[in-house]
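So the protein sequences, as listed, match chains A and B. Position 349 (the first sequence) corresponds to 615 in our numbering; numbering is contiguous. Position 132 (the second sequence) corresponds to 177 in our numbering; numbering is contiguous.
For the record, the hints were derived by calculation from the structure and aren't laboratory data. Don't be surprised by glycine CBs; every beta carbon is placed ideally from N, CA and C. Careful: at least some of the hints might be erroneous.
Partial chain B-side listing against chain A, Cβ under 10 Å, derived [to be verified]:
id : residue
1  : 63
2  : 89
3  : 150
4  : 168
5  : 174
6  : 185
7  : 186
Residues from chain B shown here face chain A by an in silico Cβ test under 8 Å; the list is partial [stated by the list, open to error]:
id : residue
8  : 149
9  : 164
10 : 167
11 : 180
What follows is the residue order along each chain.
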Amino acid sequence: MAKKDKPKSKSRRKFLIRGGLGTLGVLALGTYVFRNPMRRMTLEMIETMVPPYSGTGTEANLWFEITTDNNLILHQPKVEMGQGTFTGLAQIVSDELDMNISQITVTAAETATGIVDGMSTGGSLSVAQLWTPLREMAATMREFIKIEGAKKMGVDASSLSTADGILSGGGKTMSYAEAIADLKEFNLPKTPELRPVKNYKNVGKPIPRIDLTPKVMGDPIFGMDVEMPDMLHATVIRPEHVGASLKSADTSNAEKMPGVVKIMKKDGWVGIIANSFAEALAAKNKVTVEWDIPKKWSDEDLKEYLKIGQGNKQITQKKGSALDEEGEGVINMEFRSPIGAHAQIEPNGAVAYVKDGKATIKLSTQVIGVTQKQVAEALGMDNEDVNVIGTYLGGGFGRRLNTAHAVKAAQMSIEVGKPVKYFFTRKEEFQNDLFRPPTHHIMRGKMNGDKLEALEHHYASGDVAMNSVIFPAAMGTILGSDVGASRGGSIMYGKIANRRSVQWHRTLPFATSWWRSLGLLANTFAIESFIDEMAINAGKNPVDFRLSMLGEEENQKRIRKVIEEAAAKGNYTDKATGNRAMGFAASIDANAPCAHVVEVSVDGNKVRVEKVTCVLDSGLIVNPDQVRAQCEGSIIMGISAALHEEMYLKDGRLFPINYGSYDMALMKHSPKEIDVHLVQGAENPLPVGEPPLGPIAAAIGNALKRITGKRLTELPMKV
Amino acid sequence: MKISFTINGEAKSVEVSDGNSPLLWAIRDGLDLKGTKFGCGKAACGACTIHVDGNAVRSCSFPAKLAEGKEITTIEGLSKDGKTHPVQQAWIDEVVPQCGYCQPGFIMATAAMLDKIPNPTDEDIDKNIINVCRCGTYYRMRKAIHRAAKMNGNTDVQ
Ligand code: FES
Ligand code: FES
Numbered sequence: 267m268a269k270k271d272k273p274k275s276k277s278r279r280k281f282l283i284r285g286g287l288g289t290l291g292v293l294a295l296g297t298y299v300f301r302n303p304m305r306r307m308t309l310e311m312i313e314t315m316v317p318p319y320s321g322t323g324t325e326a327n328l329w330f331e332i333t334t335d336n337n338l339i340l341h342q343p344k345v346e347m348g349q350g351t352f353t354g355l356a357q358i359v360s361d362e363l364d365m366n367i368s369q370i371t372v373t374a375a376e377t378a379t380g381i382v383d384g385m386s387t388g389g390s391l392s393v394a395q396l397w398t399p400l401r402e403m404a405a406t407m408r409e410f411i412k413i414e415g416a417k418k419m420g421v422d423a424s425s426l427s428t429a430d431g432i433l434s435g436g437g438k439t440m441s442y443a444e445a446i447a448d449l450k451e452f453n454l455p456k457t458p459e460l461r462p463v464k465n466y467k468n469v470g471k472p473i474p475r476i477d478l479t480p481k482v483m484g485d486p487i488f489g490m491d492v493e494m495p496d497m498l499h500a501t502v503i504r505p506e507h508v509g510a511s512l513k514s515a516d517t518s519n520a521e522k523m524p525g526v527v528k529i530m531k532k533d534g535w536v537g538i539i540a541n542s543f544a545e546a547l548a549a550k551n552k553v554t555v556e557w558d559i560p561k562k563w564s565d566e567d568l569k570e571y572l573k574i575g576q577g578n579k580q581i582t583q584k585k586g587s588a589l590d591e592e593g594e595g596v597i598n599m600e601f602r603s604p605i606g607a608h609a610q611i612e613p614n615g616a617v618a619y620v621k622d623g624k625a626t627i628k629l630s631t632q633v634i635g636v637t638q639k640q641v642a643e644a645l646g647m648d649n650e651d652v653n654v655i656g657t658y659l660g661g662g663f664g665r666r667l668n669t670a671h672a673v674k675a676a677q678m679s680i681e682v683g684k685p686v687k688y689f690f691t692r693k694e695e696f697q698n699d700l701f702r703p704p705t706h707h708i709m710r711g712k713m714n715g716d717k718l719e720a721l722e723h724h725y726a727s728g729d730v731a732m733n734s735v736i737f738p739a740a741m742g743t744i745l746g747s748d749v750g751a752s753r754g755g756s757i758m759y760g761k762i763a764n765r766r767s768v769q770w771h772r773t774l775p776f777a778t779s780w781w782r783s784l785g786l787l788a789n790t791f792a793i794e795s796f797i798d799e800m801a802i803n804a805g806k807n808p809v810d811f812r813l814s815m816l817g818e819e820e821n822q823k824r825i826r827k828v829i830e831e832a833a834a835k836g837n838y839t840d841k842a843t844g845n846r847a848m849g850f851a852a853s854i855d856a857n858a859p860c861a862h863v864v865e866v867s868v869d870g871n872k873v874r875v876e877k878v879t880c881v882l883d884s885g886l887i888v889n890p891d892q893v894r895a896q897c898e899g900s901i902i903m904g905i906s907a908a909l910h911e912e913m914y915l916k917d918g919r920l921f922p923i924n925y926g927s928y929d930m931a932l933m934k935h936s937p938k939e940i941d942v943h944l945v946q947g948a949e950n951p952l953p954v955g956e957p958p959l960g961p962i963a964a965a966i967g968n969a970l971k972r973i974t975g976k977r978l979t980e981l982p983m984k985v
Numbered sequence: 046m047k048i049s050f051t052i053n054g055e056a057k058s059v060e061v062s063d064g065n066s067p068l069l070w071a072i073r074d075g076l077d078l079k080g081t082k083f084g085c086g087k088a089a090c091g092a093c094t095i096h097v098d099g100n101a102v103r104s105c106s107f108p109a110k111l112a113e114g115k116e117i118t119t120i121e122g123l124s125k126d127g128k129t130h131p132v133q134q135a136w137i138d139e140v141v142p143q144c145g146y147c148q149p150g151f152i153m154a155t156a157a158m159l160d161k162i163p164n165p166t167d168e169d170i171d172k173n174i175i176n177v178c179r180c181g182t183y184y185r186m187r188k189a190i191h192r193a194a195k196m197n198g199n200t201d202v203q
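Could you put together the complete structure from these sequences and hints?
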């Protein structure tokens, strides 16, 4: 298969479908899980394991396309949104298939390849999930090429060695491309034994990202850059008010605007299709719209609506007995986090072309499979007739786990019979985001001498996983809680005898969903700020205090290790010097413990994070440079959430509507030193892109307490 | 209306529906140079930064008609005469980009700054580089900016 044929729609049915032990596998446990202890066990399982890859198309020959010039195109189910996955996958493949990194190109997920992820590109799972299947497939492919090459070379396959895409043996050499040229059938051999990790040459090395040059040179690789011949440009009118629906739209003036090709009204929305984006936008301003606004939400309404005691209650962690809120010696403290926007710089959008019963959709998405289904369903087509092609993403952060806007692009393409590019304006991004839900927390604790005898975390959140297109609806009922909101919500210190976390879940009047690290950021802010407060009350060093509460189990030892290492590498001290102090916090997310020491200074009302020392244990590291980059990025995104970002409701609308007014960390807010240390406490790769977001807000708050004497309990923190 | 200017060393004309419409779209869609990005359309993020007569300009808020007769450089034209521009080289050396979407804007803003301030201090960088990067690559960008300042324009295309 010098050039791989695209698999035909029929053949797709025979693809192996791995019954994942992921959330879908858990579903089978339904009836048992309805019992609360089982629910909690299941929750714990979801939080601590890497669900196996559960996509379609796991035959090696679908993944590896050897070109006639003996390079490799790797087809695979994930997209690249900055997390460095493509580079990691190339490293893994190169080591089992014996090809040079420079010979490998990685293409973004595309449904027509037949390789479609069962869930998404998300959860920091890409490398962790593909680690074993990809090595197995690459090794199988190597074996296959050897066998075919041996036949052509007239030598014994076992006498052949492989390097840089060349077979050598018996005094002869042959390229991989030649070895499998003109093959009509692929009889894949049994998967050979994988090589020991220590023999790998590229895995574990800081190989520069393979997409560096195109990104630095400005190549047209993003969804926004997609062109199709004869393409038109479109914009859609979206409501400004929360929960508003379209009552009527007068488009008569807009129709007369220059460049307008078509204005369509459909199921409560208006699409304006024009020759250029500027013309579409100009025409949009001439449409008069009447909205039905059932209620004008305010921040005060929301605070009342989302709080502990409201909505669906579920105990997500339970050990020992519960505390009485007003009992003697019981300390209560309240925390809050605001609505957060994804604010990825590339707006959402899609280019769609529907012709002769087939749809082609190109876009930045984290979910090609779901998007395919959504488009097929809306258009009344078979899934096979809709090809969703992923591009490079100008940021994901969870925002693109729902890219239903592809449907509108397709519908507009049908209307004009041409390709249509449609994307959001920035205001629409900010008002129609699927936000990080606001949260409310009550921490409750009781000391016994200088030990924490009981600790409870009560938290209220809007939807994270619930009501999401990538999460089976039944899961909510089965688990009784939102498994996204509960991320980081449990108390990780095993020696606290009485531990409890209780979720209050409520669906909000505006859409909320996955925001990088899910509940972890806000939950850790509450828990680790409170732990710090308790340490201060007990007159203990906060690091020693934490260590004294860790047990001897495997995961406890791993948490201990990152805490000790961070305190040592960051030279942690709990004494402030003038307007400068350190803060410490730790968390464990998806089985990857992380601890930060931050150094913070305060000047008037200006807070500066001067330095962050980060220790992360995400198991085996495929690319240390990119793991570091993910830590740096998480830290800066975390600083942004901790000190800057906040959406608010006013007069029924969500604000702000642009960068700048949506205050985010900029260059001047970025620490000048970020010192990342990686420890390997697990044999296989674990998630990387989200765990370092956990401790950052609490660590900053803990430093601020030492400088100002005040405990800040609301994000973003202001002094 | 038709607007003519020099872009990346070549004389070009582009048709725009309205002279007040943003130069960004004339570049991206009119001339199919997609390296200049749309982020906000309101001069707030810097993703669309280009050079007009050597000055950094946010092209999403720059009326196309004002480009008439001007000298424009976009990310595609920053490296000239077979030499990788030092800022782009420094970006490669420091492995700056994550998603990459904001990067052309930052690179153009940095190149313009270095023309005026060849050896910027951290304060100069904080004051002049005010684009938005959601992936949080600022830490590496700062290192790359200092590196580019040192390189002084002496790199070859790889
Ligand atoms: S797109 Fe021009 S500044 Fe954001
Ligand atoms: S690299 Fe993604 S926004 Fe800057």
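Hints versus structure:
A hinted interface residue such as residue 63/B counts as satisfied when its beta carbon comes closer than 10 Å to some beta carbon of chain A; here the least separation is about 7 Å, so the hint holds. The criterion of a C-beta within 10 Å of any C-beta in chain A is met by residue 89/B, whose closest approach is roughly 4 Å, and the hint holds. Taking 10 Å as the C-beta cut-off, the interface hint given for residue 150/B holds, the closest approach to chain A being about 9 Å. Interface hint at residue 168/B: satisfied, since its Cβ lies 9 Å from the closest Cβ of chain A, which is below the 10 Å cut-off.
Evaluation of the residue 174/B hint against chain A yields a held restraint, the C-beta minimum of about 5 Å falling below 10 Å. Taken as an interface hint, residue 185/B checks out: its beta carbon lies about 7 Å from the nearest beta carbon of chain A, inside 10 Å. Annotation: interface hint on residue 186/B holds; nearest CB of chain A at approximately 7 Å, less than 10 Å. Against a cut-off of 8 Å between C-beta atoms, the interface hint on residue 149/B holds, since the closest Cβ of chain A lies about 4 Å away.
Given the 8 Å rule on beta carbons, the hint for residue 164/B is violated: about 17 Å separates it from the nearest Cβ of chain A. The closest approach between the C-beta of residue 167/B and any C-beta of chain A is roughly 7 Å, which is under the 8 Å cut-off, so the hint is satisfied. The restraint placing residue 180/B at the interface with chain A holds, with a minimum CB-CB distance near 5 Å, inside the 8 Å limit.
Of the numbered hints listed earlier, the single one contradicted by the structure is hint 9.
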